[in-house]
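Now for the letters of each chain:
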Amino acid sequence: MVSSAGASHIGSALSVIDIASVLYGRVANVAPDRVNDPDRDIILISKGHSASGIYAVLGNAGYFPLEWLDRYCVDGAPLGGHVTAHGIPGVEFSTGALGHALPFGVGIAIASKRDAHPRRVFVVLSDGECQEGSNWEAAMLASQHVLGNLTAIIDRNRLQILANTEEISSLEPFADKWLAFGWDVVEVDGHDHDALETAIAGAHDRPRVVIANTTKGKGVDFMENSVPWHTNTPNAEQASDAIAQLEALREGGSR
Amino acid sequence: MRDAFMAALTEQAQQDSRVNLIIADIGFKVVDDFVAKMPDQFLNVGIAEQAMIGVAAGMASLGKRPIAYSLGNFPTIRCLEQIRNDLCYHDLNVTVVSVGAGLAYGTLGYTHHAVEDIALMRALPNMKVYSPADALECRAVVELLPTTPGPKYIRLGKNREPRIHEVQPDLSAGAPVLVREGSDVTLMVVGPIVTQAIEAAQELAKQGISVRLLTCPVIKPLNITAIRDAATGTAGIVTLEEHTLMGGFGSAVLEALAVHGWRIPVLPLALDDAAASTVGSQEYLREQNGLATHSVISRIADFTASV
Ligand SMILES: Cc1ncc(C[n+]2csc(CCOP(=O)(O)OP(=O)(O)O)c2C)c(N)n1
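Quick note, the sequences are listed as chains A and B, same order.
Using this note's numbering, the first residue of the first sequence is number 88, and each one after it goes up by one.
Using this note's numbering, the first residue of the second sequence is number 2, and each one after it goes up by one.
Just to be clear, a hint being listed does not mean it is correct.
Here's a subset of chain B near chain A, in silico, CB distances under 7 Å, partners left out [as the list claims (entries may be wrong)]:
| no. | residue |
| --- | --- |
| 1 | T112 |
| 2 | H113 |
| 3 | G281 |
| 4 | A302 |
| 5 | F304 |
Derived DSBU-like pairs (lysine-lysine); straight-line CA-CA distance at most 35 Å [to be verified]:
| no. | chain 1 | residue 1 | chain 2 | residue 2 |
| --- | --- | --- | --- | --- |
| 6 | B | K30 | A | K264 |
| 7 | A | K264 | B | K65 |
| 8 | B | K159 | B | K221 |
| 9 | A | K264 | A | K200 |
| 10 | B | K30 | B | K65 |
| 11 | B | K159 | B | K65 |
Sample of chain B residues lacking proximity to chain A, with all beta carbon distances greater than 12 Å (derived) [claimed, not checked]:
| no. | residue |
| --- | --- |
| 12 | A9 |
| 13 | V31 |
| 14 | D34 |
| 15 | G47 |
| 16 | K207 |
FYI, nobody ran anything at the bench for these hints, they're computed from the structure.
These numbers come from a predicted model, not from an experiment.
The beta-carbon is built from N, C-alpha and C at its ideal position, and this holds for glycine as well.
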C-alpha cells in the first residue's frame with residue numbers, strides 16, 4: 088500500500104497500529120454500522136500522517152471496502168496520505184498538521200459534559216507532536232474542566248523526523264509533565280493489547296493520558312527504531328520482506 | 002529547487018556567520034551538509050513552528066540573520082501571528098522558507114497544500130515575497146537576501162524541477178524574467194508551474210498564437226512598471242500560479258494596474274476557491290482545477306481572441 092503509492096510514514100503507521108486496533112476494536116463504543124450514531128464515542132487521530140495504518144485498521148474492521156486500501160494515494164481514490172473525515176467513514180476529524188486534535192477533543196469533551204452526554208473522547212497523539220504548544224494549552228484547559236470523559240493516548244516511540252525526541256527538544260520527564268498539568272497518567276507497553284485495553288478503558292475522573300511505549304516501525308526488523316523509515320518509501324523487495332515479517336508475527340500470535 | 006536553495010544558503014552561511022538555519026523538524030537529509038559544515042549556525046527547535054518564528058525574531062534582534070525553514074503551511078499559516086507581530090511589526094531580518102509550494106504535496110491532502118500563502122504573506126507590512134520557478138531563480142533569490150533588509154518569504158517548489166533559464170537571472174530590480182519571446186499575448190508565471198506554461202506556449206505557437214512568456218519570481222515588492230513594459234505590444238497579460246485566485250500573484254498584478262490606472266486586459270489563471278476534495282498527485286489536482294496544460298492552452302486562446 089505505502090510502497091506502491093510511493094508514500095512515506097510507514098514507521099509511524101506500524102508504531103500506532105496496535106493502539107488503533109484496541110481503540111476501534113475493543114474499547115471505544117464505535118462500529119462500522121453506527122458511524123453517525125449520536126451516542127458513539129469519538130476517536131480523533133492527531134498524528135494524521137499515520138493514515139496508512141489507521142486506514143488498514145478501519146478497512147479490516149469493515150468501515151469501508153478493503154479494496155480501497157489497494158488504491159491508497161491513487162489519483163481520484165478515496166484514501167490519501169493523511170487522515171481525513173471527508174468521505175472516509177470512521178474518521179471524525181481531518182488532520183495532517185500536528186497539534187490540532189487535542190484542542191478539538193477538549194471541545195468535544197466540554198460540549199458533551201454540558202449536554203450531560205456520556206460519550207467518551209479518545210485522542211491519539213504522537214510524541215514528537217507534543218512539542219507543539221497547542222497540546223499544552225489544551226491540556227491545561229482539560230484539567231481545569233475536569234474532563235473525565237477525555238483520554239489521550241500517546242504513541243511514545245521516541246523518534247520524530249530527524250532524530251530522537253530527547254536529542255531535539257526533550258519531552259522527559261514526560262509523565263511528570265502530564266501529572267503537573269493535572270492529568271491522570273498511565274504508562275503501558277503500546278504493543279500489548281490487553282494492557283492497552285485496561286489502560287484506555289479504565290474509568291477516571293480527570294482527563295487521562297496513556298503513555299504507550301512503542302517501537303517505530305514495529306514488527307519489521309530493518310524499520311524498527313530507524314529514523315529514515317519515517318521518510319523513506321519501501322521498494323517492492325523491502326515491502327514484500329516487511330509483509331512476510333508481519334505475517335509471520337501474526338501467525339506466531341504475538342499481535 | 003530545495004537542494005539548490007540549501008546549497009546556495011550553505012555557501013552564504015560559510016561566508017557570513019550571522020546566517021542561522023532554524024528548522025522545525027523538517028529537512029531529513031536535506032540539512033545534513035549544512036549541519037556538518039556549520040553545526041553552530043543550525044538549530045532544530047522541534048515540532049514547534051510558533052516557537053521557531055519567535056526564536057528567529059529574538060535572534061534577529063541581536064543581529065543574526067535567521068532562516069526559518071519548514072514545509073507547506075507550517076512555517077507560514079501555523080505561526081501567522083508570530084510572523085505578523087514578531088517579524089513584520091518589528092521589521093526584523095528573518096527569512097521564512099517553505100518547501101512544497103502549491104500542490105506539490107498532492108496526495109498528502111489539503112493540510113499539506115500551500116495555496117493561500119502568497120496572499121497571506123503579501124498582506125503583511127514590510128514582508129517581501131519570492132516564488133522562484135527553477136533552481137537558478139532560486140539561487141538568485143538567495144543572493145538577494147544579504148542586501149534586502151526586514152522579513153522575507155521564499156516559496157520553494159519541491160525538488161528536481163526542470164531548469165528553465167540558461168543563465169542565472171538578475172533579480173535586483175524585481176523585474177520579470179523573459180523565458181520566450183512572443184508578440185500576441187504575455188504570459189506571466191510564478192513558480193515551477195512554468196513548465197506547463199512552456200508547453201502551452203509551444204502548442205499555442207502551432208495554433209498561430211505567439212506567446213511572450215516570463216516568470217515573475219519577485220511578487221512583493223511588485224515591479225508593476227516592468228510588468229507593464231514587458232507586456233508592451235501584446236493584447237494583454239495572462240497570469241498563471243498554483244495558488245488560490247484570491248490575493249495571489251494575478252490579484253497583485255490586477256491591484257497594481259488598477260492603482261496606476263493602466264488599462265491592460267488581464268486573465269488570472271489560478272486555483273479555485275475550494276479545498277481539494279479528491280486525492281491525487283500534483284498533476285491530477287492541477288487538472289481538477291482547470292490548470293492542466295490543455296486547459297491553460299484553451300483559456301489563453303479564448304482570451305487572446307476576445308481582447
Ligand atoms: C504542524 C506540523 N509541523 C510539522 C509537520 C511535519 N511532520 C510530519 S510527521 C512529523 C514528526 C513525526 O514525529 P512524531 O510526532 O513523534 O510522530 P511519529 O511518526 O514518530 O509517530 C513532522 C514534524 C506536521 N505534519 N505538522
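Next on the checklist: Just to be careful, I want the Cα atoms of A/K264 and A/K200 compared with a cutoff of 35 Å; is the pair within it?
Outcome noted: 25 Å, holds
Next on the checklist: Just want to verify: B/A9 was marked as not at the interface with chain A; is every Cβ pair farther apart than 12 Å?
Outcome noted: At roughly 21 Å from the nearest Cβ of chain A, B/A9 sits farther out than 12 Å, so the non-interface label holds.
Next on the checklist: Check the hint pairing A/K264 with B/K65 against an upper bound of 35 Å on the C-alpha distance.
Outcome noted: This hinted pair holds, its Cα atoms lying about 33 Å apart.
Checklist entry - B/K159 and B/K221: Cα distance at most 35 Å? => result 21 Å, holds
Next on the checklist: Can you confirm whether the C-alpha distance between B/K30 and A/K264 stays at or below 35 Å?
Outcome noted: 32 Å, holds
Next on the checklist: The output says B/G47 does not contact chain A. Does that hold with a beta carbon cutoff of 12 Å?
Outcome noted: 3 Å, violated
Item to check | Residue hint B/A302, partner chain A, criterion CB-CB below 7 Å | outcome: Hint violated; B/A302 Cβ to chain A Cβ min 27 Å, cut 7 Å.
Checklist entry - Taking 7 Å as the limit, does the beta-carbon of B/T112 come near enough to a beta-carbon in chain A? => result 3 Å, holds
Checklist entry - Are B/H113 and chain A close enough, Cβ to Cβ, to be under 7 Å, as the hint says? => result 6 Å, holds
Next on the checklist: Would the hint on B/G281 be counted as holding, given a Cβ-Cβ threshold of 7 Å to chain A?
Outcome noted: 4 Å, holds
Checklist entry - With d taken as the least Cβ-Cβ distance between B/V31 and chain A, does d exceed 12 Å? => result 10 Å, violated
Checklist entry - If you draw a straight line from the CA of B/K159 to the CA of B/K65, is it 35 Å or shorter? => result 27 Å, holds
Going through the hint list in order, the structure does not satisfy hints 4, 5, 13 and 15.
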